[in-house]
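Asker: Sequential numbering of the sequence shown, starting at 1, is according to my numbering.
Honestly, the hints are just simulated from the structure, not real lab data.
Any given hint might turn out to be false.
Stated by the list, open to error - Pair by pair, the computed Cβ-Cβ distance ranges are:
(1) I51 - G6: 12 to 20 Å
(2) R15 - K60: 18 to 26 Å
(3) D57 - D124: 37 to 45 Å
(4) K60 - I108: 27 to 35 Å
(5) V40 - S123: 47 to 55 Å
(6) I107 - L26: 49 to 57 Å
(7) Y72 - K32: 31 to 39 Å
(8) A126 - P105: 21 to 29 Å
(9) L27 - A126: 48 to 56 Å
Quick reminder that beta carbons are idealized off the backbone N, C-alpha and C, glycines included.
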Amino acid sequence: AFEVTGKVDYDKLARDFGSKLIDPALLARLEKLTVGRGTVPSLHRFLRRDIFFSHRDLNKICDCLEQNRPMYLYTGRGPSSGAMHLGHLVPFLFTQWLQQAFQCPLIIQMTDDEKFLFKGEYSDEAGDNLDHFA
Numbered sequence: 001a002f003e004v005t006g007k008v009d010y011d012k013l014a015r016d017f018g019s020k021l022i023d024p025a026l027l028a029r030l031e032k033l034t035v036g037r038g039t040v041p042s043l044h045r046f047l048r049r050d051i052f053f054s055h056r057d058l059n060k061i062c063d064c065l066e067q068n069r070p071m072y073l074y075t076g077r078g079p080s081s082g083a084m085h086l087g088h089l090v091p092f093l094f095t096q097w098l099q100q101a102f103q104c105p106l107i108i109q110m111t112d113d114e115k116f117l118f119k120g121e122y123s124d125e126a127g128d129n130l131d132h133f134a
């Protein structure tokens, strides 16, 4: 099993991944725009428990909600093993909550082409190596 020891530097993680920490003011704003509008009963447990602690562009999403501008969610999964596994469930659970909270369309792309661009191999004799991901 994987175990985290020592102090986790969340600021460094956010900086290295180009995201921003979710602060109490943003959580309050998000709660007002979702729970306050009655689209969900409470903030998602991943937010309440600081499991999801950073973001990219969550402020822009809040701006869209405040201005009643249309928006949609877009996410995707590329095969990382021969089949979907439990690790894929966490982002799907949260994305489903976002869709309900924001009352917007959701697009989920399942793609092999992106994996091929980064991990694929091709030869005229053997073809591609993507059978592993089928």
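Asker: Per the hint of 48 to 56 Å, is the separation of the Cβ atoms of L27 and A126 within bounds?
Answerer: Between L27 and A126, where Cβ atoms are some 51 Å apart, the hint holds.
Asker: With respect to the beta-carbon atoms only, verify the hint that V40 and S123 lie 47 to 55 Å apart.
Answerer: At roughly 50 Å between Cβ atoms, S123 and V40 fall inside 47 to 55 Å, so the hint holds.
Asker: Taking the beta carbons of A126 and P105, is their distance inside 21 to 29 Å?
Answerer: Violated - the Cβ-Cβ distance for A126 and P105, about 40 Å, lies outside 21 to 29 Å.
Asker: Given the range 37 to 45 Å, decide if the beta-carbon distance of D57 to D124 lies inside it.
Answerer: Hint holds: Cβ distance 43 Å, inside 37 to 45 Å.
Asker: Confirm or reject the claim that I51 and G6 have a C-beta distance inside 12 to 20 Å.
Answerer: At roughly 19 Å between Cβ atoms, G6 and I51 fall inside 12 to 20 Å, so the hint holds.
Asker: Confirm or reject the claim that I107 and L26 have a C-beta distance inside 49 to 57 Å.
Answerer: 24 Å, violated
Asker: Is it true that Y72 and K32 lie within 31 to 39 Å of each other by Cβ?
Answerer: 21 Å, violated
Asker: Is the hinted range of 27 to 35 Å satisfied by the C-beta distance from K60 to I108?
Answerer: 20 Å, violated
Asker: Against the range 18 to 26 Å, how does the distance between the Cβ atoms of R15 and K60 compare: consistent or not?
Answerer: Taking Cβ atoms as reference, R15 and K60 lie about 20 Å apart, which means the hint holds.
Of the numbered hints given earlier, the model fails hints 4, 6, 7 and 8; all others are met.
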